[in-house]
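Chemist: Given next are the chains, with one letter for each unit.
There are 2 protein chains.
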Amino acid sequence: MTYCLGIVTQYGLVMAADSRTNAGVDYISTYQKLFDFTVPGERVILLATAGNLSMTQEILTILRRDLRAQADVSLHTLPNMYEIARYVGSKVRQVIETHRAWLQQDKIDYQCSFLLGGQIRGEETCLYLIYSQGNFLQATPETPFLQIGETKYGKPILDRTLSYDTSIEAAAKYALLSLDSTMKSNISVGPPLHLIKYAANTFLIKHRVELVLRDPFLIKIRKYWEASLRQAFEGMPAIEWQEGEFADVALLSAIDPEVLPPPS
Amino acid sequence: MTYCLGIVTQYGLVMAADSRTNAGVDYISTYQKLFDFTVPGERVILLATAGNLSMTQEILTILRRDLRAQADVSLHTLPNMYEIARYVGSKVRQVIETHRAWLQQDKIDYQCSFLLGGQIRGEETCLYLIYSQGNFLQATPETPFLQIGETKYGKPILDRTLSYDTSIEAAAKYALLSLDSTMKSNISVGPPLHLIKYAANTFLIKHRVELVLRDPFLIKIRKYWEASLRQAFEGMPAIEWQEGEFADVALLSAIDPEVLPPPS
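Quick mapping for you: the protein sequence lines, in order, are chains A and B. Numbering follows this note's numbering, in which position 67 of the first sequence is assigned residue number 67; successive positions increment by one, without gaps. Numbering follows this note's numbering, in which position 23 of the second sequence is assigned residue number 1023; successive positions increment by one, without gaps.
Because the hints were derived from the structure by calculation, they are not lab data. It is possible that part of the hints are untrue.
What the hints assert, rightly or not - Which residues of chain A face chain B? A few of them, derived with a C-beta cut under 7 Å, are: (1) 74; (2) 78; (3) 121; (4) 188; (5) 200; (6) 209; (7) 213; (8) 218; (9) 221; (10) 223; (11) 226; (12) 242.
Said to hold, decoys possible - Taking lysine to aspartate or glutamate and the EDC-like style, the derived pairs with C-alpha atoms no more than 16 Å apart in a straight line are: (13) A:223 / B:1215; (14) A:220 / B:1240; (15) A:91 / A:58; (16) A:220 / B:1042; (17) B:1184 / B:1234; (18) A:206 / B:1240; (19) B:1223 / A:159; (20) A:206 / A:42; (21) B:1206 / B:1042; (22) B:1220 / A:58; (23) B:1206 / B:1240; (24) B:1206 / A:124; (25) A:184 / B:1215; (26) A:184 / A:215; (27) B:1206 / A:245; (28) B:1220 / A:215; (29) A:184 / A:226; (30) B:1206 / A:243; (31) B:1184 / A:159.
Virtual Cβ for every residue (Gly too), placed ideally from N, Cα, C.
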């Protein structure tokens, strides 16, 4: 598995990814999942990948081949992010179509997905999720983040904190906590982590970071966060229990559904 | 979906469950998922259910029928929790076997699972997870909680905080936060929430609570928790970014995989 995350706010974009790939639990390796196709001063194009590695690698190879061949249609020629999302989606369809029948007959999961984030001069910063079927959706101010891969463990922290008004520095910290929560709960997500912060309308990537296993900063924020959770927890209001000896009533109600009050 | 959670520590047991059942997203209803079969002073038996509702209801009906008929083998006669886990597992197998072929041919998910928690006089407090196949596993001091249903959203808070030394009052609060995180991230989990706290070696349920939608306490702890997360976050160490203008190098490495350093 993998976990990648994009956050777009009015101030810019954050993209983050782990680097773990696994085929079962006994073949685990490290592959970069976050790729930068920026043309400084003109367009910022970031891609993150999840799913079947042989599919995502081949799709990236084709995207790169179009760039190297200076094809008419490529990540560097298309006039806007919507067209780029369509273009990446078409490559996803093309590669999956080539392999689907062979993988399907051996019940191998060929699904993959991409996050596409960036900004082209003249447009707003934007973020797309491109599905295995080649269709895509766009992050909006109401839900300013998109995730691919192992998305669930890292979602609560984002649901509770993020909005379109969040600064990109704060968004980057939340992204890191979201990744760290996922790593802690699922061994199929792991370091090095890659994180990129992009300030809207700069058309340059000025901030990025790679955090390796046992990176002191990663350890520091994990310790800090766990201590903070415990401290926050200390002050949490006490549960207002119904006190009594419930066994008799409960026994009746458990045995005899007829005496239960109707579902509320 | 549903989310149920059990926590066993050296001080006792906490069981918690939501009450939402859905068939797709357009048929959502409320059913109790946490059931108390305690015999005061002798045994505490709690069951929580997830999965196909028609299966779990029928299994509970059979368990209750054995009790009402004062069968030789029932939740109230078996001498220990291990035997009760086996007994519940056998009923799971029996009911699923009755319906499997009919559901399978229409591709309906018939899976279900149970949490069984409690204590019988002469034994330690214990907690089991009984699978749809009737086999089961037991919580241990290393991993003192078990979950069924929509388990992922609520797992990070538990992974970061719980241990076998946690008091049951603290465990109950963490259980509530875990449920609340899940509700916030997944609409298929919802109130009323049921929470039971059992102090080891008392053989009585003295604390339980039902929290309905918009329960003031539920709102209070959610607000408190989100404010605390934000506050904890304020003090979080700054990310130590690599600063620069990365586009050139990144462009090269994104286009030309040959110039990439080998995976670390």
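Chemist: Next, verify each hint and record whether it holds.
Modeler: How the hints compare with the structure:
| no. | hint | result |
| --- | --- | --- |
| 1 | 74 | 10 Å, violated |
| 2 | 78 | 16 Å, violated |
| 3 | 121 | 14 Å, violated |
| 4 | 188 | 12 Å, violated |
| 5 | 200 | 16 Å, violated |
| 6 | 209 | 5 Å, holds |
| 7 | 213 | 9 Å, violated |
| 8 | 218 | 10 Å, violated |
| 9 | 221 | 6 Å, holds |
| 10 | 223 | 10 Å, violated |
| 11 | 226 | 5 Å, holds |
| 12 | 242 | 6 Å, holds |
| 13 | A:223 / B:1215 | 33 Å, violated |
| 14 | A:220 / B:1240 | 12 Å, holds |
| 15 | A:91 / A:58 | 9 Å, holds |
| 16 | A:220 / B:1042 | 48 Å, violated |
| 17 | B:1184 / B:1234 | 22 Å, violated |
| 18 | A:206 / B:1240 | 13 Å, holds |
| 19 | B:1223 / A:159 | 13 Å, holds |
| 20 | A:206 / A:42 | 14 Å, holds |
| 21 | B:1206 / B:1042 | 14 Å, holds |
| 22 | B:1220 / A:58 | 50 Å, violated |
| 23 | B:1206 / B:1240 | 50 Å, violated |
| 24 | B:1206 / A:124 | 58 Å, violated |
| 25 | A:184 / B:1215 | 32 Å, violated |
| 26 | A:184 / A:215 | 15 Å, holds |
| 27 | B:1206 / A:245 | 5 Å, holds |
| 28 | B:1220 / A:215 | 37 Å, violated |
| 29 | A:184 / A:226 | 11 Å, holds |
| 30 | B:1206 / A:243 | 6 Å, holds |
| 31 | B:1184 / A:159 | 7 Å, holds |
The structure is inconsistent with the numbered hints 1, 2, 3, 4, 5, 7, 8, 10, 13, 16, 17, 22, 23, 24, 25 and 28, although it conforms to all the rest.
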